[in-house]
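The task is simple: from the sequences and hints, build the whole structure.
Protein chains: 2
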Amino acid sequence: MPATELKDDAMTTTDTVEQATGPDQIFDDLYNRIITLDLLPGTKISETEVARSSGYSRQPVREAFTRLANLNLLLIRPKRATIVRPFSRDLIANARFIRAAIELEVIRQVADARDTSVDAKLKNSLKAQRDAIADADTAAFHDLDYDFHRLLCQSAGRPAAFDLIAANKAQVDRLCMLSLTSTAAMQDLYDDHTRLVDALLSGKAPEAETILRKHLGRLDPIIDAIYTTHSGYFEE
Amino acid sequence: MPATELKDDAMTTTDTVEQATGPDQIFDDLYNRIITLDLLPGTKISETEVARSSGYSRQPVREAFTRLANLNLLLIRPKRATIVRPFSRDLIANARFIRAAIELEVIRQVADARDTSVDAKLKNSLKAQRDAIADADTAAFHDLDYDFHRLLCQSAGRPAAFDLIAANKAQVDRLCMLSLTSTAAMQDLYDDHTRLVDALLSGKAPEAETILRKHLGRLDPIIDAIYTTHSGYFEE
DNA sequence: ACACCAAAACTTGTATACAAGTCAACATCG
DNA sequence: CGATGTTGACTTGTATACAAGTTTTGGTGT
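Sequences listed follow chains A and B, in order.
Residues in the first sequence are numbered consecutively from 118, following the working numbering.
Residues in the second sequence are numbered consecutively from 118, following the working numbering.
None of these hints come from the bench; they were simulated from the model.
Be careful, since some hints might not be right.
Claimed, not checked - The calculated lysine-lysine pairs, modelled on DSBU-like cross-linking and capped at a C-alpha distance of 35 Å, are:
#	chain 1	residue 1	chain 2	residue 2
1	B	K321	B	K240
2	B	K240	A	K196
3	A	K321	A	K244
4	A	K238	B	K321
5	A	K238	A	K161
6	B	K244	A	K196
7	B	K238	B	K321
8	A	K331	A	K244
9	B	K238	A	K331
10	B	K331	A	K331
11	B	K321	A	K331
12	B	K196	B	K240
13	A	K196	A	K161
14	B	K321	B	K244
15	A	K161	A	K240
16	B	K196	A	K161
17	B	K244	B	K161
18	B	K331	B	K240
19	A	K321	A	K331
20	A	K321	B	K331
21	A	K238	A	K321
22	B	K331	B	K238
23	A	K161	A	K244
24	A	K321	B	K321
25	B	K331	B	K321
Laid out in structure tokens, this is it:
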């Protein structure tokens, strides 16, 4: 799940494995609720309220709020209130830009000199994606898509790069939750993935770049559509 | 200065201009001291101590600590202590990777369709860099270099992209403070800048990419050298 | 009924007190 | 003299109380 991965991004503890502590639980819970639109953009959310319902004090809640605000998922208005951050054309464009930049460099690295020990996992992922499409299981496909792009970072020898990709991906995914994903769309994404893997394993960097740009660009018309149909969830 | 720019990165307030509040002052102060190596890697730093010397309570200090830890400048070891984060080969490699990825996409955008209103500022910056070299003013050149790369982001229409570049640049700059910058090195950097601007203004994207990769790669031998001469500041 | 003002009920920001864990110094025993 | 156990002085994590500001609500006067 996205939250558990992203948690490492803002982790301040050592690399020793530790059970989820107070702020982490609150962070994960709120993160999931925001990402899944259980908490809609603009929803007011109070430190005191979350503290009560979570059983913790306001202090851990504040820490979780800060981390979520740094991810542009919460908007803290001092002395006023804290709300789930509305969508923003500018923030989304930035997130798209950053993700594309990093992932393009990732696949360049993969095409040039990849970690071949990840090859099997990539092929396994493709097979699992095929199965998810056969079952019309959109949720499973979404998770597999997430893992697929993480595997690409691992193959590039830059697993940490996925933290940034995930953070910016979340920004866009939250928006796209408003659009139903059809099996046809899944098929398109899967075809991109297979063609991308083919190009990467044969070292065709320019072709891989073209495929990835088109792959990431598939979201643009969806974003535009949602902007017109759900303008109420956007800022201003 | 880097700190004031970076502050916006972690800003949680609205976009209204506000005077520096408690945590921001502490953050800026610590940020500068860490970046300039006034606080060396491994230095123990206590919330209580900083709170006393700054006149604030522990709470604002904690917030500043968290932000600095998220930038990989502090390492908070729960219940043990907080130290200025030692250098890490892995973190530096990641920072180099991320910065290169973003800046390469930036210059591709500039070469493709730039904001021409920034052209004059770029040329002014180049002239100022020339003057700094003539005066052998390394500090001034460093600041101009910082501004130059920010201008590139503006020219690409993605000023926010510079926040990430700056954050990762700081990670490397802190290390390179250990190496004295010669006027010869400045001249090399300046030559890169001029050739980069030439390529960008004539829309030669591939050439610009090559120049930028070489430009960013100039730090690699310096990093390696410092790793051997100052291994004590590295983790493990 | 409507405009306006005041007070109460919110919000986040800060300070202080306490809890839990780690580490180091030191006394004590073999 | 050395190893060891215990106590104390640190550290960060958490809870609570208070301060400052905003928004809403209700009453009052016109």
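Each hint tested on the structure:
Proposed proximity of B:K321 and B:K240 is supported: the alpha carbons are some 18 Å apart, at most 35 Å. For the given pair, B:K240 sits about 44 Å from A:K196 by alpha-carbon distance, which is inconsistent with the 35 Å threshold. A threshold of 35 Å between alpha carbons decides the hint, and for A:K321 with A:K244 the separation of about 22 Å falls inside it, so the pair holds. With a C-alpha separation of about 38 Å, the suggested pair A:K238 and B:K321 falls outside the 35 Å cut-off, and the hint is violated.
Distance hint between A:K238 and A:K161 is unfulfilled; the C-alpha atoms sit about 42 Å from each other, more than 35 Å. The suggested pairing of B:K244 with A:K196 is violated, with an alpha-carbon distance near 46 Å, which exceeds 35 Å. For the hint pairing B:K238 with B:K321, the CA-to-CA distance comes to about 20 Å; that is within 35 Å, so the pair holds. Only pairs whose Cα atoms come within 35 Å are accepted, and A:K331 paired with A:K244 is accepted, the gap being roughly 22 Å.
For the hint pairing B:K238 with A:K331, the CA-to-CA distance comes to about 34 Å; that is within 35 Å, so the pair holds. About 28 Å separates the Cα atoms of B:K331 and A:K331, which keeps this hinted pair within 35 Å; it holds. Only pairs whose Cα atoms come within 35 Å are accepted, and B:K321 paired with A:K331 is accepted, the gap being roughly 22 Å. Distance check on the hinted pair: B:K196 and B:K240 sit about 52 Å apart at the alpha-carbon level, beyond 35 Å; violated.
Using a Cα cut-off of 35 Å, the hinted pair A:K196 and A:K161 holds, with the two alpha carbons roughly 13 Å apart. Straight-line distance between C-alpha atoms of B:K321 and B:K244 comes to about 22 Å, which keeps the hinted pair within the 35 Å bound. Straight-line distance between C-alpha atoms of A:K161 and A:K240 comes to about 44 Å, which puts the hinted pair past the 35 Å bound. Straight-line distance between C-alpha atoms of B:K196 and A:K161 comes to about 34 Å, which keeps the hinted pair within the 35 Å bound.
Proposed proximity of B:K244 and B:K161 is contradicted: the alpha carbons are some 43 Å apart, above 35 Å. The hinted pair formed by B:K331 and B:K240 meets the criterion: a straight-line CA distance of about 21 Å does not exceed 35 Å. Straight-line distance between C-alpha atoms of A:K321 and A:K331 comes to about 16 Å, which keeps the hinted pair within the 35 Å bound. Between A:K321 and B:K331, the direct Cα distance comes to roughly 22 Å. Compliance with the 35 Å bound is thereby established for this hinted pair.
In summary, the hint linking A:K238 to A:K321 is supported, as the alpha carbons are separated by about 20 Å, within the 35 Å threshold. Annotation: proposed proximity of B:K331 to B:K238 holds, straight-line Cα distance about 23 Å (limit 35 Å). Of the pairs offered as hints, the one joining A:K161 and A:K244 is violated, with about 42 Å between alpha carbons and a cut-off of 35 Å exceeded. The suggested pairing of A:K321 with B:K321 holds, with an alpha-carbon distance near 22 Å, which does not exceed 35 Å.
Distance restraint check for B:K331 and B:K321: the Cα-Cα separation of roughly 16 Å lies within the 35 Å cut-off, and the hinted pair is therefore satisfied.
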